[in-house]
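Keeping their order, the protein sequence lines are chains H and B.
So the first sequence is numbered by this note's numbering: it starts at 1 and just counts up by one.
So the second sequence is numbered by this note's numbering: it starts at 337 and just counts up by one.
These are computed hints drawn from the structure, not numbers from a lab.
A virtual CB, placed ideally from N, CA and C, is assigned to each residue, including glycine.
Hints should not be assumed to be uniformly reliable.
Computed list of lysine to aspartate or glutamate pairs in EDC-like fashion (alpha-carbon distance at most 20 Å, straight line) [as the list claims (entries may be wrong)]: (1) B/437 with B/416; (2) H/8 with B/832; (3) H/334 with B/832; (4) B/926 with B/832; (5) H/334 with B/574; (6) B/534 with B/521; (7) B/883 with B/907; (8) H/334 with B/762; (9) B/787 with H/138; (10) H/334 with B/802; (11) H/334 with B/572.
The following label-pair restraints were derived from C-beta to C-beta distances [what the hints assert, rightly or not]: (12) B/831 with H/207: 51 to 59 Å; (13) B/535 with H/322: 20 to 28 Å; (14) B/780 with H/153: 58 to 66 Å; (15) H/316 with B/710: 44 to 52 Å; (16) B/790 with H/151: 52 to 60 Å.
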Amino acid sequence: MTPTYTRKDFTSDQDVRWCPGCGDYSILAQIQRVLPDIGKPRHEIAFVSGIGCSSRLPYYMNTYGFHTIHGRAPAIATGLKSVNPNLSVWVVTGDGDGLSIGGNHLLHVMRRNVDLNIILFNNQIYGLTKGQYSPTSEFGKQTKSSPVGNIDHPIRPIGVALAAEASFVARTMDRDTKHLQQTLLAAAAHKGTSFVEVYQNCNIFNDGAFFPLTEKATKADNTVVLEHGKPLIFGKEREKGIRLNGLTPEVVKLSEVDESELLVHDAERADPVLAMLLDRMTHPQFPVPLGVFRRVERPCYEQLMQGQVDRERKRKTPDLAQVFRRGNTWEVTKRS
Amino acid sequence: MTTASSTTTKSGDKRELDRVTIRFAGDSGDGMQLVGSHFTTTSAVIGNDVQTLPDFPAEIRAPAGSLPGVSAFQISFAAEDIFTPGDRPDVLVAMNPAALKANLSELPRGATIIVNDDEFNKANLKKAAYEENPLDTDALDGFTVHRVPITSMTTRALEDSDLTAQQKARCKNFFALGLMYWLFDRPLDSTLDMINEKFATRATLREANVAVLKAGHAYGETTEMFHETFHVPPAELEPGLYRNITGNAATALGFLAASQQAGTPLFYGSYPITPASDVLHELARFKNFGVKTFQAEDEISAVCATVGAAWGGALALTGTSGPGLALKGEAVGMAVMVELPMVIINVQRGGPSTGLPTKTEQADLLQAIYGRNGESPLCIVAPCTPSDCFTMAIEAFRIAVKHMTPVIYLSDGYLGNGAEPWKIPDVASLPAIKVAYATQPGEGEEFLPYKRDEWLARPWAIPGTEGLEHRIGTLEKQDLTGNVSYDPANHQHMTDLRAAKIERIADDIPPLEAFGGDSGELAVVGWGGTYGALRSAVTRAQRRGAKVSHIHLRHLNPMPKNTGELLSRFDKVLVAELNCGQLRALLRAKFLIDCAGLNKVAGQPFRVSEVEAKIDELCAGEKN
Numbered sequence: 001m002t003p004t005y006t007r008k009d010f011t012s013d014q015d016v017r018w019c020p021g022c023g024d025y026s027i028l029a030q031i032q033r034v035l036p037d038i039g040k041p042r043h044e045i046a047f048v049s050g051i052g053c054s055s056r057l058p059y060y061m062n063t064y065g066f067h068t069i070h071g072r073a074p075a076i077a078t079g080l081k082s083v084n085p086n087l088s089v090w091v092v093t094g095d096g097d098g099l100s101i102g103g104n105h106l107l108h109v110m111r112r113n114v115d116l117n118i119i120l121f122n123n124q125i126y127g128l129t130k131g132q133y134s135p136t137s138e139f140g141k142q143t144k145s146s147p148v149g150n151i152d153h154p155i156r157p158i159g160v161a162l163a164a165e166a167s168f169v170a171r172t173m174d175r176d177t178k179h180l181q182q183t184l185l186a187a188a189a190h191k192g193t194s195f196v197e198v199y200q201n202c203n204i205f206n207d208g209a210f211f212p213l214t215e216k217a218t219k220a221d222n223t224v225v226l227e228h229g230k231p232l233i234f235g236k237e238r239e240k241g242i243r244l245n246g247l248t249p250e251v252v253k254l255s256e257v258d259e260s261e262l263l264v265h266d267a268e269r270a271d272p273v274l275a276m277l278l279d280r281m282t283h284p285q286f287p288v289p290l291g292v293f294r295r296v297e298r299p300c301y302e303q304l305m306q307g308q309v310d311r312e313r314k315r316k317t318p319d320l321a322q323v324f325r326r327g328n329t330w331e332v333t334k335r336s
Numbered sequence: 337m338t339t340a341s342s343t344t345t346k347s348g349d350k351r352e353l354d355r356v357t358i359r360f361a362g363d364s365g366d367g368m369q370l371v372g373s374h375f376t377t378t379s380a381v382i383g384n385d386v387q388t389l390p391d392f393p394a395e396i397r398a399p400a401g402s403l404p405g406v407s408a409f410q411i412s413f414a415a416e417d418i419f420t421p422g423d424r425p426d427v428l429v430a431m432n433p434a435a436l437k438a439n440l441s442e443l444p445r446g447a448t449i450i451v452n453d454d455e456f457n458k459a460n461l462k463k464a465a466y467e468e469n470p471l472d473t474d475a476l477d478g479f480t481v482h483r484v485p486i487t488s489m490t491t492r493a494l495e496d497s498d499l500t501a502q503q504k505a506r507c508k509n510f511f512a513l514g515l516m517y518w519l520f521d522r523p524l525d526s527t528l529d530m531i532n533e534k535f536a537t538r539a540t541l542r543e544a545n546v547a548v549l550k551a552g553h554a555y556g557e558t559t560e561m562f563h564e565t566f567h568v569p570p571a572e573l574e575p576g577l578y579r580n581i582t583g584n585a586a587t588a589l590g591f592l593a594a595s596q597q598a599g600t601p602l603f604y605g606s607y608p609i610t611p612a613s614d615v616l617h618e619l620a621r622f623k624n625f626g627v628k629t630f631q632a633e634d635e636i637s638a639v640c641a642t643v644g645a646a647w648g649g650a651l652a653l654t655g656t657s658g659p660g661l662a663l664k665g666e667a668v669g670m671a672v673m674v675e676l677p678m679v680i681i682n683v684q685r686g687g688p689s690t691g692l693p694t695k696t697e698q699a700d701l702l703q704a705i706y707g708r709n710g711e712s713p714l715c716i717v718a719p720c721t722p723s724d725c726f727t728m729a730i731e732a733f734r735i736a737v738k739h740m741t742p743v744i745y746l747s748d749g750y751l752g753n754g755a756e757p758w759k760i761p762d763v764a765s766l767p768a769i770k771v772a773y774a775t776q777p778g779e780g781e782e783f784l785p786y787k788r789d790e791w792l793a794r795p796w797a798i799p800g801t802e803g804l805e806h807r808i809g810t811l812e813k814q815d816l817t818g819n820v821s822y823d824p825a826n827h828q829h830m831t832d833l834r835a836a837k838i839e840r841i842a843d844d845i846p847p848l849e850a851f852g853g854d855s856g857e858l859a860v861v862g863w864g865g866t867y868g869a870l871r872s873a874v875t876r877a878q879r880r881g882a883k884v885s886h887i888h889l890r891h892l893n894p895m896p897k898n899t900g901e902l903l904s905r906f907d908k909v910l911v912a913e914l915n916c917g918q919l920r921a922l923l924r925a926k927f928l929i930d931c932a933g934l935n936k937v938a939g940q941p942f943r944v945s946e947v948e949a950k951i952d953e954l955c956a957g958e959k960n
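The following block holds chain H by itself, in its conformation from the complex:
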C-alpha cells in the first residue's frame, strides 16, 4: 500500500538556493505536487541529476537523490534502474548538461528505452557558470562568451529525442503549472524513457526567452497544445488551426477553412515523422507545440536485461564449481 502523501512529504530540510524568480522553483513545486499521485512509496523514488542549476533539484526532494557529475546522470540512472527495476527513477538535467557535455548519454539512454523520467530544463543559457551560450541558444545571441554573437547553430531537444527513438517525448513550460503537472504525470505513467523538455526562464542571464509563449497576453496565439486524436487549434478565440499542405504545416483561419481539414494529432503513430514535423514549428512563424509529441510502447531495457537473466537461470543452473571446471581439466596426483 502506498501511503497518502502531500507535497510536504516530498520537501527536504535543505534551503532551496536558486535565484529569486527562477523558473526552477515552479518545476520543483510541480514535481513535489504530482509525486503523491504516481503510486509509489517515497523510498522507491530516486532523483538523479548532473551539474548545473537544474541539477541541484535532488537536494530539495525528500526522496533518494544523487547529484552526480556533469552530463552523466542518464548513465548513472541506467545503472541504478538496471539493478533495481522497481524504483521510479527521475533524471533532472539542463540544456548544457543534457545536450552538450552529456549529449551522448542522453541519446543512448533514449534508444535503449530505460524506464526513466528525464526532465530537461531548457533555459537556452549556461546559468551556473554565469551566462555563456548553450547548445539551445539562438544563433547570433550575445552572451559573455559570445560578445559579438553566437555562431553555433542551436539544436532542438525534441528533435534529438525523436531521432534517438525516445518512446515518450513531450514539451511543457515552467509558467504553465497545470500543463506542467499533467505532462509530468503522463511521463511518470509511461513505461520506457520519458523525455520532457521544460521551457524554463533564467531571469538573471536570459530573462524573457520564452515570454511570447508563457505570458497571458501572447500565449494563446503563440502556442498550440497537442492532444492525441484532436485537431491542432489555437488562438485566443480558438480561431486558428494548423493544416498540412503536403509536408508543410500552415496556419489557417477557421473562418476560412473547415475544422475537418486540420491536422489531427496522433502521438501514437509508430514512426516519429509527424512528431518531427511538429517540432519544426517554431516561433514566430508558427505557434509552438506543447504537450506529448510521441508516446509509443516498446520493451524497456531493464526488463529485457532482467528477462535474459531469468531465462538463462531457468536454462542453466548456476554452479560455480562446474564453471571452474569448464574446458579440459587434468588431475595432478602426488608422486611417490
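Based on these hints, arrange chain B on the given structure of chain H.
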C-alpha cells in the same frame, strides 16, 4: 636446441628435456593463436607446467604476408614449476618469410627453425622485404633449419576432401601442430576432442582438420628429417584438479565468484577495449548467475552506470584499459566522494594515448593512484599471475565492500592474454564477502549517511529502503549528515577522513613477505605481471649464492604496513617494472629509501636474463 636445465639425458632417439620454449609464427590469418592454445592445453593435460605469451598485431588483418601482419604465440612447457613463457624460443615455426624475419632476432644461436617451404616464394619474400631467399643463403647459419612443404602437404592430405582450395590451405596450421606434437612427443587426443566438439555438425571440416593434424604427425614420423624427438616429463605441481586459464578469464571468474560469495548480483559496465574486452565476453555468459552486463556507449557511461549500480546495491564492476581509465577519471572521483564500493579493472597496455593496444606495459600505476582531480585516495590491488587474477578479484571486492571505497584492479596485457595451469579452487574454501546494507534506524535514532564504523566506512544505504531517504552528491559534504557544506574546516576534516579510511585498509591486508631472506644484499621489488620473470631471475641468482630476495606487491595502495621496514633491511633495493620508474618513485617518496630501477617499455615482458644481469650488476658492485 637449448634447454632451461643442463640435466638432459639421452635415451635412444628420444631426448629428455626439462623445459622447451617454442613459438608459432605466421600471418594473422594463419591461425597461430589457435594452434598455440591447442599446444598449451595438450601440454598442460599431460602434466607439464606451461606459460604462454600471445603476441598479435592490433590490426584484425594487416596485408597478408606482410611484416605488420605477423601473429605469434609462444609457449614454454616444462617438467618443473615455471614462471615465465621463456626468454627466447628454442624452436620457431615460421609459416611464411615475414614470420621468419619478424622473429629471427629473438632466436638464440642453435635454435631450431621449421619453415613452411611452400610460402618462401617470390611474392612473399618481397612482402617481407627479403631480396634473396634466406633459406638459400647463409642468413640462417648457426640455426638448425627444417624446410617442410606444409601448404602442399596439407593440400595433398585433403585430395579427397570437398573443401575449396582456399579452405584446404587454411588447414595448414594443423599440419604444423601435428608435426610439433610428434617432435615433442605429445598425444593428439585433446586436440582431436576439441576438433570433434567444434565441428560436431560440420563433418567435412571435422574430417579435414583431423586428416591434416594426423598428416603432420605422420610426416614427422616417416621422414628422416628430424633425428630425434624430445620428451618433457610432467612437472611436479601441487596435487589437485587443474585447467588452463588466461588472466582475463581468471579475472572474470574471480569477480563472478566474488558475487556468489557476497550473495549479491554482479553488474559489469564496460566499453569494448583491447585487451580488456575478454572480461566482458566472459561475464556476458554468466547471466544465469544473475550477472548483468552493460555494454555502454562509451567509457564514461560504463563507469557511471557502475556507480549507479553500486548505489543500487549491486556488486558493481567496470573494466577497461589505460586510455579508458583516463576517461573514467572524473567518475571514479565521484565514487571516492560519495564513498560507494566498486571495482575498476584496468588491463594495462602500452601507452601513452592509443599506444600499443595489444602489447603489455605497467605504466598506469601513477594514473591509478593520482589520476583524478583533488585529493581522491582509493585502494589499488594488482594480481601477479594469471591464476592470481582470480584471487585478487575476490580480494578487490572484499576491500571495496568492507571499506566502502572504489578499488582499482591493475592487470596487464601479459597477464590478461597469457595462460597457465590453474589449480581449480574448492568453492567451499573461497573467502566470504560480507555485504550489510543499512537498515531503518530504531525509534528516536537518526539515520546519518556519513556516520562511520571502526574502519571509517560509511553505511551502504540503497534506494528502496524504507526510512533511509537521503541525498548524496559530488559537492563536498558535511560530516555525518552528507548535506552540502562549503565550510573550510569541514572540507579539511572530510579530506583527512577520506585519506585515513584508505590508510586504515593497511590493517586489513597481509604483511609483505620476502622470497629469500628477510634481509640481505639486494631486494628485487616488483608488482603485477612481472612476478614470473622476477621470481625466476631471483631463484637463479640465489642458486648461485647471491643474497637476493624477491618482494612482490599485490596491494599498492595502501601498501602493507611493513613495506618500508622490510625494504630498509636490504643493502640495496632494485625496483623492476615495465614503466619508467613509477613504483620506484612512490617507494622513494613514501619511505625515503633509495632504489635502483630496472625499467623497460618495449611492449614486451621482462626476459629473465635481463633481470638476472641487473641483479649481477648490483651484487657485483657491492663486492668491489
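Comparing the hints with the structure gives:
Between residue 437 of chain B and residue 416 of chain B the alpha-carbon distance is near 32 Å, which puts this suggested pair outside the 20 Å criterion. Proposed proximity of residue 8 of chain H and residue 832 of chain B is contradicted: the alpha carbons are some 37 Å apart, above 20 Å. For the suggested pair residue 334 of chain H and residue 832 of chain B, the alpha carbons sit about 53 Å apart, so the restraint of at most 20 Å is broken. Distance restraint check for residue 926 of chain B and residue 832 of chain B: the Cα-Cα separation of roughly 18 Å lies within the 20 Å cut-off, and the hinted pair is therefore satisfied.
Annotation: proposed proximity of residue 334 of chain H to residue 574 of chain B holds, straight-line Cα distance about 7 Å (limit 20 Å). As the CA atoms of residue 534 of chain B and residue 521 of chain B are separated by approximately 24 Å, the hinted pair breaks the 20 Å bound. For the suggested pair residue 883 of chain B and residue 907 of chain B, the alpha carbons sit about 10 Å apart, so the restraint of at most 20 Å is met. The hinted pair formed by residue 334 of chain H and residue 762 of chain B meets the criterion: a straight-line CA distance of about 18 Å does not exceed 20 Å.
A threshold of 20 Å between alpha carbons decides the hint, and for residue 787 of chain B with residue 138 of chain H the separation of about 48 Å lies outside it, so the pair is violated. Distance hint between residue 334 of chain H and residue 802 of chain B is unfulfilled; the C-alpha atoms sit about 56 Å from each other, more than 20 Å. At most 20 Å may separate the alpha-carbon atoms for a hinted pair to count; residue 334 of chain H and residue 572 of chain B meet this at roughly 8 Å. About 39 Å separates the C-beta atoms of residue 831 of chain B and residue 207 of chain H, a value inconsistent with the hinted range of 51 to 59 Å.
A hinted range of 20 to 28 Å for the beta carbons of residue 535 of chain B and residue 322 of chain H is consistent with their spacing of about 24 Å. In this structure the supplied range 58 to 66 Å holds for residue 780 of chain B paired with residue 153 of chain H, their Cβ-Cβ distance being about 59 Å. Range check, residue 316 of chain H to residue 710 of chain B: Cβ separation about 45 Å, and the 44 to 52 Å hint holds. At about 58 Å, the beta-carbon gap between residue 790 of chain B and residue 151 of chain H stays in the expected band of 52 to 60 Å.
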